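K.L.:
As a plain string of letters, each chain reads:
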Amino acid sequence: MADGNRAMRGRVLIVDDDTALSEMLSIVLRNEGYDTYLCATGDKAVPAFREFKPDLLLLDLMLPGMDGIDVCRAIRAESGVPIVMLTAKSDTVDVVLGLESGADDYVVKPFKPKELVARIRARLRRMDEPGPESLTIGDLTIDVAGHSVKRAGETIQLTPLEFDLLVCLASKPWQVFTREVLLEQVWGYRHAADTRLVNVHVQRLRSKIEKDPEHPEIVVTVRGVGYKAGAD
Amino acid sequence: MQAAAGPEQPPATPEQEVAESRGTELELTAAAVDWPAYPQPLWRTHPKHWPDIWRRSIQARIVTGTLLMSTVVLILVGWVMMSQVTDGVLESRRTSAQAEALAQLTQLSTTINAADRNTINQQLSELVLGSNRPGLYDVLLVPTDSSKSNAIRYTGLVDSDSIPQPLASSVMSDDSKLYDTYTEINYRDAPSVPGLVIGSQLRINSTNERYAVYFLFPLTAQQETLDVVQRALVTAGLLLIVLLGAVAWLVTRQVVTPVRMARRIAERLAAGKLEERMQVRGTDDLARLAVSFNKMASNLQRQIRRLEELSRLQRRFVSDVSHELRTPLTTVRMAADLLHESRDQFDPISRRSVELLQNELNRFEELLADLLEISRFDAGAAALDLEDVDLRDIVNRVLENHETLLHRKGCAVELDMPQPCRVQVDSRRIERILRNLIGNAIEHSEGLPIRISTAYDADAAAVAVRDHGIGFRAEEAEMVFSRFWRADPARARTTGGTGLGLSIALEDARLHGGRLDAWGSPGDGAYFRLTLPRRPDVTLTGSPLPARPPDASRVVTEKSLVDVGAPYQKLTGGEER
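Keeping their order, the protein sequence lines are chains A and B.
Numbering-wise, the first sequence is residues 0 to 231 according to numbering that gives the first Met the number 0.
Numbering-wise, the second sequence is residues 0 to 576 according to numbering that gives the first Met the number 0.
Everything labelled a hint here was simulated from the structure, so no lab data went into it.
What you are looking at is a predicted structure, and each value in this text was computed from that prediction instead of being measured.
Check before you lean on any hint, since a few could be wrong.
[To be verified] Simulated coverage check for chain A against chain B, where a stretch passes if three residues somewhere in it have a Cβ under 8 Å from a Cβ of chain B:
id : region
1  : 23 to 30
2  : 87 to 100
3  : 105 to 119
[Unchecked claim] With the C-beta cut set under 10 Å, the calculated list includes, among others, these residues of chain B facing chain A:
id : residue
4  : 323
5  : 327
6  : 328
7  : 340
8  : 343
9  : 364
10 : 373
11 : 375
12 : 379
13 : 384
[What the hints assert, rightly or not] For lysine to any residue, the following SDA-like pairs were computed, each having C-alpha atoms within a straight-line distance of at most 25 Å:
id : chain 1 : residue 1 : chain 2 : residue 2
14 : A       : 113       : B       : 377
15 : A       : 111       : B       : 399
16 : A       : 111       : B       : 208
Quick reminder that beta carbons are idealized off the backbone N, C-alpha and C, glycines included.
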């Protein structure tokens, strides 16, 4: 039982078929002040999500029943909740697949518990960043406080992370951000993390906001350096 | 932040990155060649390279050989035929000419000897003039007594120098028979023609004078006949050569076309299309060749598929094992971490146990990761994630991560990296290599500074790490890259280490088509040089940095330099080491 104060840290839903691991994770997270709920199969994951309404989801990829990727897509379709993948596979192929299905980050087993906790904190912290009221980039209107993006009056659905990425780039148009800087500002990771995260999320963002994702105009690559927002 | 110069390009989509990263699997890539349905002859595909055509085309060689040999044969046969015909034609003429001359001579002799002594000279002239047959032969009368040179009589304006000297001598010396020879008959008013000269002595009994009588038979008709024959022979010969050439070409085509087909199919087989087989028609030698070829191809295909399957199975096994091992390891790790956090609350024995547990778990984790990495290299399943980086950034990043260790070892770092060193590499792997090299260097620094240098040229970039620690012997320079080998097993390692670091580093370097070289000298430290091609399509032929450190002590002999990396050759996953 966590006491009232510490439970405010957040609610985490852990979906993993290894009971020992889930239990251990639960112990560690509760120690840090999070509320945890466990789910052991893919089929039960979505109902569990709806019932417990967590602030963050820890999702193992190899699940019995519904596969972790499908669970991720299903939950992503309903909500913008931060999703962190847990996986034993570190190949680019698998990581990219997971990130494309909607995860915000991935953690490779075995991981240092401190690292995982730090990442969870970073994901949950982003809610309190102040910023400019509204921004314009290209033909998009960004309402920062309201967390919405519109093109010609029509709202575009972005996950919170994608939104943060766009805001970070758009708040300083024409400034080039390296991947490391983006990891720090958007993901909140101070230590060197995997820059593939940035690549995949930029692709995801482009597929949602660009008129032609193959020839991006809003989020532009600067070869050998990073990305920048190109305003007309 | 400054914007980078150069054109902006969209990054590869994750699909492209995925596709690229699968490139080094054991699949053989077929060359992107347009395969025509029918093999084209060489001259159509390479019209400019005639020496190439000679070297590469059996057909060209056979046809040319046939042409040359038939030309020689035909020239020989033609020459023989020509000389036979010539002899025959001339011989028949000669026989008839001799008969003619003899008859005429007899008549002349009889007439002149029956004539009146006083009128002999006149008679002689008349006789001579009357005895020729224009067109058939001319007569030349030459007195044997050369003082009477004005008494030469002739018909048809023949020149007396038409008579060759040997004939003249023979005629003069012997009066019993006719002498003849072939010569060129010269005319005073007309061009000379080839001809036959028959000569004999004419004795005038009454005056006891002797004359040489020559009958000159022009052979123009014969010459014309022979010319016609020669022309006919030459024409026929040329026609024959051309036709023989065509026949040879047709015949060799029959043989060469199937051979070319076989070659094409063999090429496609070599390019990875293992299902290709030759068509078998009939039971002749070519058909048997096709059958054997197909058998060989089937065997190869089976073998390759089996090896591919084995490799796939191994990779699958490794992947499954990795997954299975990692999950319990994670749980253990978390538990150990928790305990480690609160170790101060334990009694000394428990506390120490937890510390050891933590350390060994770290080692275990590293070992597992390294083993999995090595097995990926072994299975040929390692893939490159290329990006454009500056090597200096990676060096700096690694040095940052090692700050604590540097401080603890009291080791200074000299950097010799004057210019940006841009390469297209997998930065994760290069960082791993440099982490290993720099980590090792700091470990063995013995308090002395370590030196990191970078350099580049048009094709290659290199990073070298030098330390002045205990070093190793020249013979050991090869062994340092062996798995689980340590220079000095008794040394306590501060950073742990699995013994696989340099092996993995070497594999990472080779995966890029680069090389990793080691130099060591006992007491003078070690020097590791990583050379990488700047772009993936480049083959290394040298390195921008020297193979041994410039500050190596002179005493060291050449033996301390051992080439460990492969010779400058781009290696791909499956080649033998």
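K.L.:
Using Cβ atoms only, decide whether residue 323/B comes closer than 10 Å to chain A, and label the hint accordingly.
P.N.:
holds (8 Å)
K.L.:
Tell me if residue 328/B is really an interface residue toward chain A, meaning its C-beta lies closer than 10 Å to one of theirs.
P.N.:
Given a least distance of 5 Å, the restraint on residue 328/B holds.
K.L.:
With 10 Å as the cut and Cβ atoms as the points, is residue 384/B at the interface with chain A?
P.N.:
holds (6 Å)
K.L.:
Are at least 3 residues of the region 23 to 30 of chain A within less than 8 Å of chain B when you compare beta carbons?
P.N.:
n = 5 at 8 Å, threshold three: holds.
K.L.:
Regarding the pair residue 113/A and residue 377/B, is the alpha-carbon distance no greater than 25 Å?
P.N.:
With a Cα-Cα distance of about 33 Å, the restraint between residue 113/A and residue 377/B is violated, given a limit of 25 Å.
K.L.:
Against chain A, is residue 379/B within 10 Å by beta-carbon distance?
P.N.:
violated (14 Å)
K.L.:
Within the region 105 to 119 of chain A, is the number of residues with a Cβ closer than 8 Å to a Cβ of chain B three or more?
P.N.:
With 6 residues closer than 8 Å to chain B, the region 105 to 119 of chain A meets the three-residue bar; holds.
K.L.:
So, residue 343/B near chain A? Judge it on the closest CB pair being under 10 Å.
P.N.:
Since the shortest Cβ distance to chain A is 16 Å, the answer is violated.
K.L.:
Hint residue 327/B vs chain A: min CB-CB distance below 10 Å?
P.N.:
holds (7 Å)
K.L.:
Does the region 87 to 100 of chain A contain three or more residues whose Cβ lies closer than 8 Å to a Cβ of chain B?
P.N.:
holds (count 7)
K.L.:
Using the nearest Cβ pair, does residue 373/B come within less than 10 Å of chain A?
P.N.:
violated (15 Å)
K.L.:
Would the hint on residue 364/B be counted as holding, given a Cβ-Cβ threshold of 10 Å to chain A?
P.N.:
holds (6 Å)
Of the numbered hints given earlier, the model fails hints 8, 10, 12, 14, 16; all others are met.
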